[in-house]
Amino acid sequence: QKEVEQDPGPLSVPEGAIVSLNCTYSNSAFQYFMWYRQYSRKGPELLMYTYSSGNKEDGRFTAQVDKSSKYISLFIRDSQPSDSATYLCAMSASGGSYIPTFGRGTSLIVHP
Amino acid sequence: GAVVSQHPSRVICKSGTSVKIECRSLDFQATTMFWYRQFPKQSLMLMATSNEGSKATYEQGVEKDKFLINHASLTLSTLTVTSAHPEDSSFYICSARDRLAFGYTFGSGTRLTVV
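Protein chains in written order, with our numbering: chain B, 1 to 112; chain R, 1001 to 1115.
Any given hint might turn out to be false.
To be verified - Listed next, the in silico BS3-like pairs over lysine-lysine satisfying Cα-Cα at most 25 angstroms (straight line):
no., chain 1, residue 1, chain 2, residue 2
1, R, 1020, R, 1055
2, B, 2, B, 70
3, B, 67, B, 56
4, R, 1020, B, 2
5, R, 1020, B, 67
6, B, 70, B, 56
7, R, 1041, B, 42
8, B, 56, R, 1064
9, R, 1041, R, 1055
10, R, 1014, R, 1066
11, B, 70, R, 1066
FYI, nobody ran anything at the bench for these hints, they're computed from the structure.
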């Protein structure tokens, strides 16, 4: 079993839809949970991060962590074609100094 | 915010030749940089940790003689793929950490095609 599991998709939705992206993990030591967005042929960029359980909102994006279930989610409201990208979850046992473990990424396509 | 510049963005080389990829932290100093490899629809695979002024640390299964890493200054790390073969064709990405920011910043990646 991989440490971080993420469905590669693709996930295709119409513009304006609410998108739900998810990851599960097995390492209970993970404390920091990150979401990266990667456009085609580009490096990943950090979208959001959360510490421990709970929710965090940033504009149209909401990150949710349920440590009891070892399950994290990223919700995108009012999705736009410009949101089309691969979204990678990542986790680490400590803060920014620890190298994160990445999921394989979910490809999201938002069509007009 | 922290910026990591990676060059070239794309390179095509003949089998048997060597290719050098540069990774620069533009507005911060990075004593440690990381090199990843990514296959289509696959996750980032950490290849090695580049340490300024000392030898790189390679992950299990990564050939250090094939993937030469040099971290000569606090802002520059290079990855040289030696005697490249078609199976080395992949997307290579570097990253570094600005201590004033959370997490790691990634370069824009290098698409290597060996023909």
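For this structure, which hints from the list above don't hold up? Numbers 4, 5, 8, 9, 11, in rising order.
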